[in-house]
Amino acid sequence: MHLGLLEGPVRTNRGTDSQIVGGYAYTTTWADIVARAAQGCRWCQLVSATREKDDESSPDLPLRIVVGCQGSFRTSCTPSGVQDLSIFINDNLHFIGYIYATADDPAARYIVARDRILDVGSTRSMLLAQRCIDNCTDTHDRCMQSLDPPPLVPTRLIDCADNGRPHLVESRSGMHGTYAALSYVWGEPQPHSTVLTNLTPYLDFIDPQQLPKTILDAIRTTRALGLRYLWVDTLCIVQDSPEDKLHELAHMRDVYRYAHGFLGDRPAVPATEYGTFSRDVVLPFICPTGPDGKEAAMTSVIAKVHISPIWTYTDPPGQPLTQYDPNMEPINARGWCFQEYLLSPRLLIFASHTLQYHCQTTIESVGGAYSDEARERRLPDVLFKSSLDRKSHLQANTPESPAATEGTRCSEEWRTVREAWQEVVREYASREISVPGDKLVALGGIAQDIQPVLDTNYLAGLWRLTLLGDLLWSKRTNVHFPRPQAYRAPSWSWAAVDGRVEAGAHDIHAGDGQGAAEVVTCEVSPKDAAFVFGEINAGKLVIRVPLVACAWNMGRPNYVHRLRSQPNVDMLLSASDDDEVDVEMECIGIGYIDSEDDADILGVWAAPVHWNRNIVGGLIVARAHESGMAGSKGVYRRVGYFHTHAQGGPADWLDDTPLVEIEII
794 MHLGLLEGPV RTNRGTDSQI VGGYAYTTTW ADIVARAAQG CRWCQLVSAT REKDDESSPD
854 LPLRIVVGCQ GSFRTSCTPS GVQDLSIFIN DNLHFIGYIY ATADDPAARY IVARDRILDV
914 GSTRSMLLAQ RCIDNCTDTH DRCMQSLDPP PLVPTRLIDC ADNGRPHLVE SRSGMHGTYA
974 ALSYVWGEPQ PHSTVLTNLT PYLDFIDPQQ LPKTILDAIR TTRALGLRYL WVDTLCIVQD
1034 SPEDKLHELA HMRDVYRYAH GFLGDRPAVP ATEYGTFSRD VVLPFICPTG PDGKEAAMTS
1094 VIAKVHISPI WTYTDPPGQP LTQYDPNMEP INARGWCFQE YLLSPRLLIF ASHTLQYHCQ
1154 TTIESVGGAY SDEARERRLP DVLFKSSLDR KSHLQANTPE SPAATEGTRC SEEWRTVREA
1214 WQEVVREYAS REISVPGDKL VALGGIAQDI QPVLDTNYLA GLWRLTLLGD LLWSKRTNVH
1274 FPRPQAYRAP SWSWAAVDGR VEAGAHDIHA GDGQGAAEVV TCEVSPKDAA FVFGEINAGK
1334 LVIRVPLVAC AWNMGRPNYV HRLRSQPNVD MLLSASDDDE VDVEMECIGI GYIDSEDDAD
1394 ILGVWAAPVH WNRNIVGGLI VARAHESGMA GSKGVYRRVG YFHTHAQGGP ADWLDDTPLV
1454 EIEII
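The opening residue of the sequence shown carries number 794 in the numbering used here; numbering runs sequentially from there.
Do not take every clue at face value.
To be verified - Below, in silico cross-link-like pairs of lysine-lysine (DSS-like), each with a Cα-Cα straight-line distance of 27 Å or less: (1) 1320 x 1333; (2) 1038 x 1320; (3) 1038 x 1006.
These are computed hints drawn from the structure, not numbers from a lab. Being a predicted model, the structure only gives us computed values, none of them experimental.
Turn these sequences into a full structure, and let the hints steer you where they fit.
Following this line, the structure appears as structure tokens:
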């Protein structure tokens, strides 16, 4: 069978969404398809592979096969205009794939996508990568343009002018320049790291034989891109100097924001090792030879096109319509790499299947191969404006308001950045951090970047202006993670636990039938006063809430029960968790524990943070025994989150519950 440019849309019988563009139809049987497939017909082999193994229909029944383009890739994939191919059998979709041609094939004149680059370190690959970077800096309005003059450079860089003789350089005050930055998974000890004893020798020479392949490849790539300097954390930060670490960590945002070309450590593998891509089908293609490319001449040129499957009828249920899932990459499981990815305005990604270029405008495979650009998240564009442009842009889009914070809150940019932060928290919390104490540090650059837009104080992963909403984060899964042995965040912060979290409410206000807790004070003590977005020594929250004595894990997982005949408030604040009280209980909602370390706690309190007649949401707290009491205020720690369930009825139990002031640490 031969393919050509598909003309004349064909309609299947599947309703208003059934039209496929540029299609044709024919009738055959499974018996005929199987026979031709056995004789070597690649098209019949492709169609036959979409048949379910347990299909018991007669092989001689007629099949109506419709082939064409649904146009499903037009907006979500690159390169622009990539052609897709769909196969319907008896009005059921059996196959979705995309079409590509090699650059030297005559079909390349008519087929948009190209084959994937596998030799990612070749001279050709680097030239194509540089073309992507140049196109971005010259034509992308959404991307941060090349800075003139270039930005200030980091404290130290690797001079890559001579691949065989790299060495460190220390920037002078006010030194400007361009450089690349490497993000990678360490994975093993780094004996080559810069320490106090080798810092001076490294200023003269770093022995390439002592460097891992990842860094050597990064040095070569830096030079191939026409750059001289490279930033790598293990070499550009003095690893055994706490003072140097604190100083450099406070500048991580700038290191990656101003890097000219970011290098991700994702070594490409041959197509045969990648599963899905080994199923590509090569078919003859009849090239149009008329003057306008549409009217066939007497003699046609037969070229080759490749059909690469995205989805087939026999795939498991729920299979995503994509060939490549970035979540499979080791680098995308690491917390530090997440920050480095989001902060960088442009990225050269050495993915497991090819070389990719990412920026604010596009995600594309270098060389023009197909890429599903909808798969990876980026930060809002406003964060990539210069400080001056960002300030004027925010002022121009902020309504007049007596309270500056409330006015900022009304801007579209503020809401966009707020939502982006919540998405960042969800994704980041699920990633791995090798050093538990880095939980806040490895996100500090993004928080530092976002803070001027949110225009409020940062509090151990939460924000003062939206504190009530932020407190309502929850752990719906992965509660098996133990609590960290060393302190790194107050219990009311999501950073106090490991594993994926659901971010809190977008915003909470009292009034109009809505009730809300009152924040009396919330303070954190950073380890480094110069970098409030990093590690902290302590944090406390004093809040006025309608405290309700409860129990959970009472034979019904996740259910929270109110003690209906609860003691008075003074008794609540002074009673021990181990005291046994014979009272009636009432189920008031569903609770989600933060860590199974606290699964044996039965005596807890519900601390509603927001409520109305039908919906209540808040914290589950337990006594913080080690902290004792502070005057008449109870000292507690968060152990979970709760909300009322749909059939719970009106929250009458809050009507006569007074607000009490408690401290949560």
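Hints, one by one, checked against the model:
Simply put, residue 1320 and residue 1333 have alpha-carbon atoms about 15 Å apart, close enough for the 27 Å limit, and the pair holds. At roughly 12 Å between alpha-carbon atoms, residue 1038 and residue 1320 fall within 27 Å of each other, so this suggested pair holds. With a C-alpha separation of about 25 Å, the suggested pair residue 1038 and residue 1006 falls inside the 27 Å cut-off, and the hint holds.
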